[in-house]
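In the order they appear, the protein sequences are chains A and B.
Quick note: the first sequence, position 231, residue 231 per my numbering, numbers continuous.
Quick note: the second sequence, position 33, residue 33 per my numbering, numbers continuous.
Hints listed in this document are in silico derivations from the structure and should not be mistaken for laboratory results.
Cβ coordinates follow ideal geometry from the N, Cα and C atoms, glycine included.
Please note that the accuracy of each hint is not assured.
What the hints assert, rightly or not - Between beta-carbon pairs, the in silico distance windows are:
| no. | chain 1 | residue 1 | chain 2 | residue 2 | range |
| --- | --- | --- | --- | --- | --- |
| 1 | B | 54 | A | 101 | 50 to 60 Å |
| 2 | A | 271 | B | 53 | 35 to 45 Å |
| 3 | A | 43 | B | 18 | 42 to 52 Å |
| 4 | A | 279 | B | 26 | 27 to 37 Å |
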Amino acid sequence: MTADFATMLSAVFPEIGLVVLMVVVLGLDLLWRDERVRRLGWITAAGCLFLVVLSLVFALPPAEPLLIWGGMLRLDAAGFVFRIVFLLGAALTALFSLGQDDLQKHGEYYGLMLVSTLGMSLMASAADLIMLYLAIELTSIPLYVLAGFRFRDDKSVEAGIKYLLFGAMTSAVMLYGLSLLYGFSGTTQIAELAEQIDRHSVPVSLLVISLVLVLVGFGFKVSAVPFHFWAPDVYEGAPTPVAGYLSTASKAAGFAVLMRVILTGFWAVTPIWMDLIAGLAIVSMTVGNLLALTQTNIKRLLAYSSIAQAGYILVGVAAGTSFGMSGAVYYLMAYLLTNLVAFGVVSVVGQRVGSDDLSAYAGLSRRAPAVALILLISMLSLGGIPPFAGFVGKVLVFAAAVEAGRWWLALIGVINSIVALYYYLIVLKSAYLLRSEDEQKPLQLMAGWRVALLVCVTGVLVLGVVIAPWFEWAGKAGWALSIY
Amino acid sequence: MMMPLAYYVGLSAIMFVLGIIGVLVRRNALVVFMSLELMFNAANLLFVAFSAYFQLLTGQIFVFFVMTVAAAEVAVGLALMVEIFRTKHSIDLDQMSEMKG
Numbered sequence: 001m002t003a004d005f006a007t008m009l010s011a012v013f014p015e016i017g018l019v020v021l022m023v024v025v026l027g028l029d030l031l032w033r034d035e036r037v038r039r040l041g042w043i044t045a046a047g048c049l050f051l052v053v054l055s056l057v058f059a060l061p062p063a064e065p066l067l068i069w070g071g072m073l074r075l076d077a078a079g080f081v082f083r084i085v086f087l088l089g090a091a092l093t094a095l096f097s098l099g100q101d102d103l104q105k106h107g108e109y110y111g112l113m114l115v116s117t118l119g120m121s122l123m124a125s126a127a128d129l130i131m132l133y134l135a136i137e138l139t140s141i142p143l144y145v146l147a148g149f150r151f152r153d154d155k156s157v158e159a160g161i162k163y164l165l166f167g168a169m170t171s172a173v174m175l176y177g178l179s180l181l182y183g184f185s186g187t188t189q190i191a192e193l194a195e196q197i198d199r200h201s202v203p204v205s206l207l208v209i210s211l212v213l214v215l216v217g218f219g220f221k222v223s224a225v226p227f228h229f230w231a232p233d234v235y236e237g238a239p240t241p242v243a244g245y246l247s248t249a250s251k252a253a254g255f256a257v258l259m260r261v262i263l264t265g266f267w268a269v270t271p272i273w274m275d276l277i278a279g280l281a282i283v284s285m286t287v288g289n290l291l292a293l294t295q296t297n298i299k300r301l302l303a304y305s306s307i308a309q310a311g312y313i314l315v316g317v318a319a320g321t322s323f324g325m326s327g328a329v330y331y332l333m334a335y336l337l338t339n340l341v342a343f344g345v346v347s348v349v350g351q352r353v354g355s356d357d358l359s360a361y362a363g364l365s366r367r368a369p370a371v372a373l374i375l376l377i378s379m380l381s382l383g384g385i386p387p388f389a390g391f392v393g394k395v396l397v398f399a400a401a402v403e404a405g406r407w408w409l410a411l412i413g414v415i416n417s418i419v420a421l422y423y424y425l426i427v428l429k430s431a432y433l434l435r436s437e438d439e440q441k442p443l444q445l446m447a448g449w450r451v452a453l454l455v456c457v458t459g460v461l462v463l464g465v466v467i468a469p470w471f472e473w474a475g476k477a478g479w480a481l482s483i484y
Numbered sequence: 001m002m003m004p005l006a007y008y009v010g011l012s013a014i015m016f017v018l019g020i021i022g023v024l025v026r027r028n029a030l031v032v033f034m035s036l037e038l039m040f041n042a043a044n045l046l047f048v049a050f051s052a053y054f055q056l057l058t059g060q061i062f063v064f065f066v067m068t069v070a071a072a073e074v075a076v077g078l079a080l081m082v083e084i085f086r087t088k089h090s091i092d093l094d095q096m097s098e099m100k101g
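Turn these sequences into a full structure, and let the hints steer you where they fit.
Listed below in structure tokens is the structure:
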């Protein structure tokens, strides 16, 4: 099905808006050479929220998925839901970046963040291998720079270069897989891949090779074991808001392309990819949780926790059903808010206390009861305790696995969730039970941080209590991903 | 006369494996970048070969984009390396161990 020009144009309004917003931010950065430059974070956040409204008005997905712009993009519910997730993530990250002068005084910091959001948005709706590759790189290259943004800080530069080397290597491997796929099928259209591969009767072994090569690239983006080595170092070295953005929006974008490509392009080898993804899920959950147990730096702890979380989401993908995909999408929405608020608290404490060590959290409940409560909610949500969003996400992905006959996968997931609670509670122990000498000094919160923390926590509670409307959207997205 | 497709596929597979070995074994960041280029170009060779085989242009278009992206990636990489070199006076990857655990 093709669309007329007006439909195609309005479908990419939010993307055009992101480019315009980036130009505005960079322009204002040039004009404002004084204190006013600190307003750029608010402008970025407000712009992203405006774009959410714009996509709700102009870019609503049609009932039937539609190929637009010569088959480059696919206008469907999945692209729509993911775009809103990315825009929200960018807005909250911009607010958390306030108050850090080495970040907020540079317009290019927000500019790069917006470009990378644009890349993610295109990733989620890419329908062609060329578009897919370009979108992935458009997301990654600005993130390499953002990870190394504090260029006077050795750790940050090291994080940037490690991220870049891992990213370039895995994207080269993925590209080789894509070139093999092109060779097997003679098309770059993801929707036509399966049909053409079938017609050319490509041997299963060759197809599995290209599947594995492509999964290397996607595995890196979602930080699944064994492509996770970059995550702890990069999260620790990168500026904290950037680390939060990497662990949520960038991961969600990785899952969007992963689900789209393997479901549509590789249906000829469905049982094989299901087993491969299930294997990835098991090692990601287990390795992530076990390594997280001994961490003393909270950013490294959250990095290993985010590797384990990728494992839980992969459980939903491994189910291979429309319900499994919906569960994964719901989990990603819940995870975005939960992990962003966790990194938000880390950013606040890192700014005010000056350390990312677990010991910096001692006495937090007396210094800033509200922040400690927010940390409590986010940790319990990450651990999968009701009535928070993380619980609903876990129930959905595990239910999908059981429904697809993979009850053992759900069982491993549940055991892992219990193990994970241990280190989430250790963080809370520092915040609530340990005393410190600075207890009398309250933490000062900036207005932007308050707004962002409040929005996230409200979101975590709403996604955990009022499930139906959000699950309806996740369901539509899951359905759109599983048909072509 | 046309060379058989298998020759191109074979050569690109050799280039790709050499690239991977280079990335994993060499410790100098610049040499690692060269090895990465080798991997990208292995994929490019496949795209062009298949493009000629299928008599389709999409593969060649893909190659142009890949070359552009690879150039952008290297530009960012070199910038980061200059920063590392400024403090450490070395671009040996084994020296980059500020963070452990």
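Given the hint of 27 to 37 Å, check if residue 279 of chain A and residue 26 of chain B actually sit that far apart at their C-beta atoms.
holds (30 Å)
(Q) Quick check on a hinted range of 42 to 52 Å for residue 43 of chain A and residue 18 of chain B, using CB atoms only. (A) This hint holds: roughly 48 Å between Cβ atoms.
Is 35 to 45 Å right for how far apart the beta carbons of residue 271 of chain A and residue 53 of chain B are? For residue 53 of chain B against residue 271 of chain A, whose Cβ atoms are near 30 Å apart, the range 35 to 45 Å is violated.
Outcome of range test on Cβ distance (residue 54 of chain B, residue 101 of chain A; 50 to 60 Å): holds (55 Å)
In summary, the one numbered hint that this structure violates is 2.
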